[in-house]
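Novice: The lines below spell out each chain.
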Amino acid sequence: MATDLKILLIDDESDFVETTCKRLIRRGYSAKTALTCADGLTIIASGWPEVVVLDVMLPDRDGVDCLREIKEKWPTLPVILLTGHACMQTGMHGLEYGASDYCLKPIDLETLVEKIAIAHRESQKPGI
Amino acid sequence: MSFYFDRLTSFFRTKPRLKPAELQAAFRGHYKEFRALLTANNNALELMAELEQALTAGHSFGMAFVRGNCTALSVNIYKMIQHLTRLADGRYVELDHPFRTITRELEQLIAIRSLSTEGEVILSMKEIDVTKVDQVGEKMANLGEVKNRVGLRTPDGFVITAAAARKFIATSDLQVEINRRLKGLDLDNLEELYTVSAGIQSLISNAPLPTELEEAILAHHRQLAADSDEELLVALRSSALGEDSSNVSFAGQYRTQLNVSREFVGQAYKEIVAGKYKSQAIVYRQQRGYRNLDVHMCVGCLRMVNGAVSGVLYSRAPDNPRSPFVIIQAAPGLASAVVDGSGVTDQFRVSRTPPHPILHRQSGVEENDSAAISRRTLTDDQAAELAAIGVRLEEHFGTPQDIEWSIDQSGLLYILQSRPLGRSLSEEPPETSEYKPMAADLPEPLLIGGACVSRGVGYGPAFKVRSSLDLLRFPKGAVLVIETPYPEWASLLNRAAAVVSETGQMAAHLATVAREFGVPAIFGMKQAKATLANDTLITVDATAGKVYAGRIEPLLALAAPKPNLMVGSPVYKILTQALVHITPLNLTDPASPYFRPDSCKTLHDLTRFCHEKAVVEMFNFGERYGFDDKTAKQLVVDAPSQWWVIDLDDGFTPDFDPESRYIDLGHIVSLPMLAIWQGMTAFPWAGPPPVSLGGFGSIIFQSTRNPHLDPAVRSAMAAKNYFLISKNYCNLNVRLGYHFALVEANLGEFLTENYVSFQFKGGAADENRRLLRIRLISDILSEFGFRVEQKVDAMTARIEKKPGAFLLERLKILGYLLIHTRQIDMVMADEGMAAGYRRKIMTDLHTLIIPTTEG
Amino acid sequence: MSELPILIVDDEEEFVSTMVQRLRKRGLSSEGVLTGTAAIAKAADSDFSVVLLDMRLPDMDGGLVLQEIKKIRPESRVVILTGHASASEGEEGIRNGAFDYLIKPVEFETLLEKLRTAGNHNS
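Residue numbers (the working numbering), protein chains in the order written: chain Y, 5 to 132; chain H, 230 to 1084; chain S, 615 to 737.
Calculated directly from the structure, the hints in this document are not laboratory data. Mixed in with the good hints, there may be bad ones.
Claimed, not checked - Using 35 Å as the maximum straight-line C-alpha spacing, the simulated DSBU-like pairs for lysine-lysine come out as follows: (1) H:Lys755 to S:Lys656; (2) H:Lys802 to H:Lys956; (3) H:Lys412 to Y:Lys75; (4) S:Lys685 to H:Lys412; (5) H:Lys1069 to Y:Lys10.
Unchecked claim - Listed next, the stretches of chain H that the computed footprint assigns to chain S, with coverage defined by at least 3 CB atoms under 8 Å from CB atoms of chain S: (6) 482-489; (7) 691-699; (8) 1021-1032.
For glycine and all other residues, C-beta sits at the position ideal for the given N, C-alpha and C.
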């Protein structure tokens, strides 16, 4: 399993992102956090992240909308939706706009790490 | 499998002509979709199993679980549909229709509804009976019934309704904040639980009352005060309104405030509404499957009865619903002393038949002289009056009653509450035929005595609780040892193995909740605290009133399973209704003309359809893209066999010549296929029919030679036995003799992707014998950790999300069973032979597999 | 019950004022303060039958307030009443001489009982 991935967490629940970020780093990943969609987009624009984990409830913008912009500008960047508020419509819209996965909080780190790795693998061109 | 028709139709489609490199890329692209579909399928089946198990496992779950899993499930199935349509170059988009239909139904079931805040905010006790239960809650509706329909004396007063509480919460817009604080709350973390509970209660208690509501409360209070000269003191009592509270006591879960004077009525009201979020109430609702929104806090505001003597009356003995006597617990003072467990009570058994003589009396203060007891609590006449009331209320409500009463200083009897005796209280006594260990088998008990207030046997370390501080330190699975059964210890009952209290009796709230939760409890066990040191391991036989040192296996073997507290609750009902749209499998036969998108009625149907069609797509890929004749390689073991292998990605060694029509095992690197093969060939098949014809290989070939014996077989794929493989994946479709089997496995780098699944159907023998064989296979697979489902003569078995090494061993087992259960259905009716086969199979399997852990 | 008043230390103003009123209604005099500093000053100034102490105060840690009060008046009975349940904090409190540890909310009648018990020991 690739453990050197660069992961961006966009989520306004600061306790959650901080802890998750620390735990990812402890496992050898590189991780950064953004509390708003706008901050997230800035980091993505720098070309840093390889996988994005995105909350669908953000203070500045609807998460699905944020996803749409990410996928429009960076179609090959895998984005995993992670939410504490289960909603089928959000999940389906998310997948339509190209989200790699849709997961619900609370999620254990083990599962999240796997989902990140799978999303990253699936985003690679076939045959490579 | 209905490949036949798919193949026919695919002939008429234009075949894209691609260069080999493009072809390879297209194939890889398809395989990637296929693999993603399998992962989504794996997730979906696991989620379905979790939802289904929740109904039977007896663990508690909340709406967040149901909502979360249903949503995740729907999203995974949506993903499967997406991958299938891409895999099939745009076909199967019509799956969208059944998918939308099913998920719309599901969404409605799990949606968060907001309740009306309309309606009367206050009702006078004079206008309340059971028909008003939706406004005033169970407790006050029953009390109104006692007052207005039965005609017994109850305290005057009024009820602040459910609509009032909703209005109060809505006015300050508190619910969102409350939900936020409750979300993700870990009930096992007591510090967190108490802190969150205190925070929410303080939030509610400090919010302002809507002015109209406050004025209405004070106006009614003024009216009540007008009847008396003295300052009016009231009791504010919670009257929880559950969506369906049959068999749910809510005993002592909520708050009551006594002796409240006018200036504090508003504050006391807010505190009682806040009491909906008491820690034990939060735990209790979760345990019993109530959503927070299912419970509304109505509040009775009743004139205080200045009790001279008070207590509880059961219209039947708690352990015998046909007892000819009532039971009365009485103590001087207010009734709260009896129900909060702190008072010393006298107990009376009084005949249900007039003139209601006292059959037995027992004093709580060691003076069994009947005159002394009469002076302390009840006279014969008062006991008779209470017994008559018990009988009358039981007749009126149609079920044994648990009644709170109080006799005031002037001798007037008031009924404060009447509710059904808890379910587990009125259950039949245990069968006398059940095995009772001989007393001689058991060691000397540490403690004997007390009264059993909740039957059963529990084991764990003793832990004494005296204060809130001890409460925070209570370890999970310990035996709760206490001096007094205060209601606040109820929040420990979901963690306690048993309860031993030095005082108290069966009328205490704590006893009621213990019975409800199936936690064995002995009350009145003297010397418990002195005898039972913390952390000493003890076995509590509540039924016999004995406590032993250590673990007493014969007693624990008798312990009844804990009741499933969720059954019948709102959350349980919602899950049951949701599962109607989720688990039933209507699409069982891919060869049927009804195996098509518009026949999908459930999410399970959709997964089945998508999975089936995805495999077909992968199988047909070669043909659709015009290189079919070279896709399938015939497996060579000594000689060419009837087993064919199709490589989906990287299942062959790189040096294998793609032009070859044959392949040997040496060129196959598919781990799951090799494991299956190892299982198939590890032991020679012992018949029937008897082994002949030059070695083991030919037996496999022979039995697979003529699948057309069965008229149901009409697909191309079923004519041969195919392995569809990649390095980590294998799909084996077999017809051996008369049965059909499908083995599928994926052993990826991530647990999320891993699974082994097995389907088995058919046979040549009559149905009974076929069923016996299926049961044999089911038993064996369950023993090795498979989750097995059996429907008539078809079964499916699955394990998912386990490490590869563990799953490889399971594949060997399946390979073995494919070969060795052939035709044994013919002899299954013979018990001796069946047992013989079972023994042989288990012996072989234990030699075959390397023990691995599930990880 | 001793004649001395009860000192209520809690930063929730609403809670303090209601508690003072409720106690007065039941014949008990009490005073309320909202900070740890004020509590220590009060304790230095005059004697109380019982101190009802919250652990989360705006200016200082409740545990510290407890220690200071016990320093000034070793005989005083301090009952911790907190909304932040913490076993370690509770243990430390008891070790430092707190008389009882209660988690909010406590029913007024029950609290009255606890205050009376604490007060009786004092007299």
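Novice: Looking at the structure, which of the earlier hints fail to hold?
Specialist: 1, 2, 4, 5, 8
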